[in-house]
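**Q** Just so you know, the sequences run in chain order W and D. The numbering used here applies: residue 1 is where the first sequence begins, and numbers increase by one. The numbering used here applies: residue 1 is where the second sequence begins, and numbers increase by one.
Rather than coming from a laboratory, the hints here were simulated on the basis of the structure. Be a bit skeptical, because a hint or two may be false.
As the list claims (entries may be wrong) - In the DSS-like style, the derived pairs of lysine-lysine whose C-alpha atoms are separated by at most 30 Å in a straight line are:
# : chain 1 : residue 1 : chain 2 : residue 2
1 : D       : K21       : W       : K54
2 : W       : K89       : D       : K373
3 : D       : K30       : W       : K54
4 : W       : K18       : D       : K165
5 : W       : K54       : D       : K24
Said to hold, decoys possible - Take a look, some chain D residues computed to stay more than 12 Å from chain W by CB distance:
#  : residue
6  : R4
7  : D5
8  : R301
9  : P303
10 : Q320
11 : L335
12 : E422
Just so you know, even glycine gets a beta-carbon here, dropped at the ideal spot from N, CA and C.
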Amino acid sequence: MVHLMSFEKCVRCGSCIKFCPLFTAREDEKFTPRAKTYILQVWDLLEDDEELAKEFRRLVFQCTMCGRCEEVCSSDVDLLHIYHEQRSKALKTAPQEFEYLEALKKSLAESKNIYGLDQEDRAVYWIDELIDEIPDIEDRVYEPGKTAEVVVFLGCLMSFRSSQMDVVRSLFRTLERIGTDYLVLGADEFCCGHPLYLAGDDEGAELLRSHNREVMQAAQAKTVITGCPGCLIQLKNYHNLEGIEVLHDTQYFDRELGRPPTLDDSEEFAYHDPCELHRIMGVKTEPRSVMRKVGVNFREMDLSCCGGGGLVRMTDPDLSDKIAEVRRQKEHLGDTTVVTCCPSCREQFLSVGIETRDIVEMIDEAYQKEEE
Amino acid sequence: MKIRDVVIGANASIFYRLDFKKIKGAYYPKTEEDVDEVLARARESRLGVTVKGGGSGLSGACTGGNAERFIISTLLMNRILTINEHEGYVDVQPGASPDDINEILEPRGYKFYVAPSSRDIATVGGILNTDGGGNDTWVNGTMRDNTIRAKMTLYDGRKIVVDHKGVRSNDGALENELNRLGFTLNDVASSHGTLGFITELRVAIRPLTELEVVGAVAHFDDATELGQTLTKMIAAKSPIKYGEALVEAHPDIREDLQLPLLILQFPEDYTDDLRTITDFTMLQPDEVERMKEIRIKLPKRNPREGIQLALFEGYGIHDQSLLKMQESVDRINELLISHDYKPFAKYGHAPSKWYVGSNEPAYGMVMHSREIKPEGKSGHEVLKAILDIVDLCDEIGMTPKPEHKWPYGDRIKRARLEKIREVVGQGFNDFIFCDDCGEMLGSMV
């Protein structure tokens, strides 16, 4: 449901200010949710000021879209929807101010992935790495006519980034171990559309989604799993996959693992809950349940953003780094390894030198130890 | 114009449509030295200064009116400077919120006992300037009762330290003159930023006691029965640790509650004595928490259609107006409806304590009110409704909530502040003393 004027519901109480990772990092009130809704509330007093309008268009992209403001808001202001709508409006009003997004849009339009790499390579890098360990892995790649109970939607980061290879390896090894009947979409997987959605380009996102929808229906999948919370948002909320269950990989493994082997390890990890997973998609218990099942000793981190969401990594990399750095200091992350379950959060932590692991790696490690 | 200079005007009052061109500087100091620097710049530019805390207040004092001015936010002056458990105080910068303070104190087994519902963002400097409190002012007093001293910088840069006995300053003449006037923390309390910039506060803390309390709810036929019950509680000095009355609520937010009702927490051994005052039903802890949650969210919730606003946020109902409370509520509603406002919610701390302009304490209920905003009202029409409410308060013996007294002529407080400003100087929130203050506020609605 679209609430075109929902910013008017903001009573400007300010309860969102101190939770906002941008305020914490920048110590400037203009980045806060209250500031953004306030600007919209008094826009009629400001709209003649073109410089200010330009500054506001930039400001709406300086948000990690973590949703914490919306969670604490007692006035039911649909803040994420407002930001999305304002981003879309900004792009349409002044596309010349967002040329840095053009490369992304071009990559997605032409190559169907965020890196602009050859789409045929989607299943090349990780197959090269895994073929010795899983000789039949190539058979798991979708081709027209192949069907499976489960389709794995890897997402762009896990398909192309070498930093995600260990997670991809762990994911496939675990699926093989528990005997899942699965296919990976490979070159037939297009970007889920999340980056375009975050940029306010709904039409572009829909073009990608419609292709994915057709492929997953052709594969006769009963379940789609993904390790990327951004992809999960798109697959579950916007792909209209009627009759197909969409799960985050931690949800799938929590359901399927039964009683897995446990790690006998005293190391204490810090668990970072990806905002898009726990706050937007409401997946809170399963990641913790899986960690407990495999005996991960973890402490909870504050439920705040890593700094990598909302395209901020692209629109304002300094701000993104600063958010991560502030978190490292506030949460005394020094030598602690952060466990999470989002490739984007992992990339963000890695970029500021914080060691991270994905929950799927912990599952795999527990099995490996048992096998040894 | 920069966005930074606009968003510093964001505040929870109905006075939020500022003439942003008149904000000549938005500052976020972190230290007293930073404040000195900004004030020096203001003097050089011959501009007035408005100090803003979290902007959660409803008086509009943090807007600074409509003159060319600097606005200085204390949001980044939020450090806890000293913790002295032995002597029972903490020194804090003015931008710390009660939640900020208690986040540090509670693991040490101590607490700062001032808890307005906006305690997550309201700053202690702002709370002293409105003499705010929370639902437990009945037990713990208002901010002035919990403040030991305040360090202030005046517009001309001179420094003073104010406590409940008087003033100290490096400027002997200033110290003598202020002490001759009997200047104390009572004057700073509820001064709405008109005297100076509070750079540091020493506030009282006490051990975090896990007092065993039980929860209950009392239902009433009407608000008069509620008011009479509160009068008896006040007379009996009932040891109510938490008291919140829900008087009226729109069906969109009322849930399954039967109103009026009074949510209470009190020591278990007071149960029998309380029964001599009113009938009530005991509640399980989770039921109490659920009701508290409903209450705390009332000021921020919206109807399914339309938007709520706090036209006139607080009514200090006491003595006769409390004894005839339903009549008081009916008169308020009649007036609201005559101005096209649909009553949305009425609720508040009860029993409660606040201070009037003469610094005498008053006891009763601070009833907050929310209305559904009518379409198409001009700022001046809104202000007219507010001023009619002020007249009604005068007529039926209610105190406009302390935070709202200043624009509408708490003559005693205003005269006192004017006298003090003859000594400490002007420069802070001068608009409050202008004859056209009401007009100015009307333009910002």
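**Q** Look at each hint and say if it fits the structure.
**A** Status of the hints after comparison with the structure:
Restraint check for K21/D and K54/W: the C-alpha separation of about 17 Å stays at or below 30 Å, so the hint holds. Taking the CA atoms of K89/W and K373/D, the gap is about 28 Å. The hint holds against a cut of 30 Å. Between the alpha carbons of K30/D and K54/W the distance comes to roughly 29 Å, so the proposed pair stays at or under 30 Å and holds. Our distance criterion of 30 Å between C-alpha atoms is broken by K18/W and K165/D, whose separation comes to about 35 Å.
At most 30 Å may separate the alpha-carbon atoms for a hinted pair to count; K54/W and K24/D meet this at roughly 21 Å. Not every CB of chain W lies more than 12 Å from the CB of R4/D, the least distance being 5 Å, so the non-interface label is violated. With 12 Å as the threshold on Cβ separation, the claim that D5/D sits away from chain W is violated: the shortest Cβ distance comes to roughly 9 Å. A Cβ of chain W approaches the Cβ of R301/D within 12 Å, the least distance being about 6 Å, so the stated non-interface status is violated.
A cut-off of 12 Å between C-beta atoms contradicts the statement that P303/D is not in contact with chain W; the least separation is 10 Å. For Q320/D, the requirement that its beta carbon stay farther than 12 Å from each beta carbon of chain W is met, with the minimum near 33 Å. The Cβ of L335/D sits about 22 Å from the closest Cβ of chain W, beyond the 12 Å cut-off, so the non-interface label holds. For E422/D, the requirement that its beta carbon stay farther than 12 Å from each beta carbon of chain W is met, with the minimum near 34 Å.
This entry does not satisfy hints 4, 6, 7, 8 and 9, going by the numbered hints stated previously.
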